[in-house]
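Visitor: Residue-level listing of the chains:
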Amino acid sequence: MQPRNLLPLAVAVAWLAFPAAAHEATAEVTRDRSVAVRARTHDGDGLGNAVAEVFSPADPATPFWKGRTDRNGWVAFVPDAPGRWRVQVVDPTGHGVVATVDVPAPGAAGPGPASPPPASTGASLARPVVGVTLVAAIFGLLHAWGRRSRR
Amino acid sequence: MHVPDGFLSPAITLPAWGAAAPLWYWSVRRNFGASATEALPVVGSLTALAFVVQGLVVPVPGGTSAHLAGVAILSILYNPGVAFVCESLVLLLQALFFGAGGFTVLGVNALAMGFLGPGAAWLAYRALRGISERGAAFAGAYVGMQVATLAVALALGLQHRLSPAYMPVPFEVTAVAMMAPSLTVLGIVEGFYTLATVSLLRRARLLGAG
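Protein chains in written order, with the working numbering: chain X, 1 to 151; chain P, 152 to 361.
Warning: the hint list may mix true and false statements.
[To be verified] Incomplete in silico selection of chain P near chain X, CB under 8 Å:
| id | residue |
| --- | --- |
| 1 | A199 |
| 2 | L244 |
| 3 | A251 |
| 4 | L307 |
| 5 | M318 |
Simulated from the structure, these hints should not be mistaken for laboratory data. Even glycine gets a Cβ: it sits at the ideal position worked out from N, Cα and C.
Model the full structure from these sequences, guided by the hints.
Guide: In structure tokens:
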């Protein structure tokens, strides 16, 4: 084959390589930029497979990310702007939570400590006890006040 | 069952507060005056019981869970106004001290779980008690649970229609997810719970009870 016949072939191969580059994808793994939020029910279980949306402080009306929690109730995202981010998780029965996450500006002090761990079994047992005590106190006071006014 | 803070916009929560406030005023004046003093210990005990049963999670098919309401008893033994005030108190304490439900959605939750549900329970009980007192108590609680659940689902569905940013799940999904366990499990459990409690308390000849 003559060298001058190879020129169009070389141009054609080079031309085809450009669109191929547009379909290329690469992976970047980082372990220090993401924010993870876990939605829990009041008894401590993760709110798994629930609808989740993340809202950026730059556009609080349009979801920055939409999806579902994983089976343990986790949502993870990588914020691209500092400020107060909002994470909303809701299951079809209306159970859910709205959490806010403060993301510091680049170079600023890192985020504060994570939120406290979920309520322990002792705390969940305390809930009905505290509730009953509060209700008893309110009705006890009403009863005493009513008897006093009738005298 | 009740809606947490952040899932309903002011377009729904403010009118709900506006509707609930005069009902609270009227119900308190009518049912918690000086003449009701002798009934307060029992009403308080049933309110505390409602607080406890609303914290007990009932597993339902599909991997989710739900809870009873426990206030149909107050509606059947006394009247819907008593149930409305007591359920509102339970919701207020849950919102203030335990982060369940919320203050902005208190009007919606109180109207759904404290007014519409117990109101429907009272109407069904009144309509059926001539046939069977026990059957009427069961049916009243069952109907009340369905009405309260449907009201919450409607509020969430309306919010999705107004602005999906607050409630991303559409009414069709919410209604099925909420009504299916309510119709098949919760209503029946609530019915038996109410039947057992009302039967027990009827024997005690409560002061102030209807």
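Visitor: Could you run down the list of hints and mark each one as holding or not?
Guide: The hints, checked one at a time:
no., hint, verdict
1, A199, "holds (4 Å)"
2, L244, "holds (5 Å)"
3, A251, "holds (6 Å)"
4, L307, "holds (5 Å)"
5, M318, "holds (7 Å)"
No hint from the list above goes unmet by this structure.
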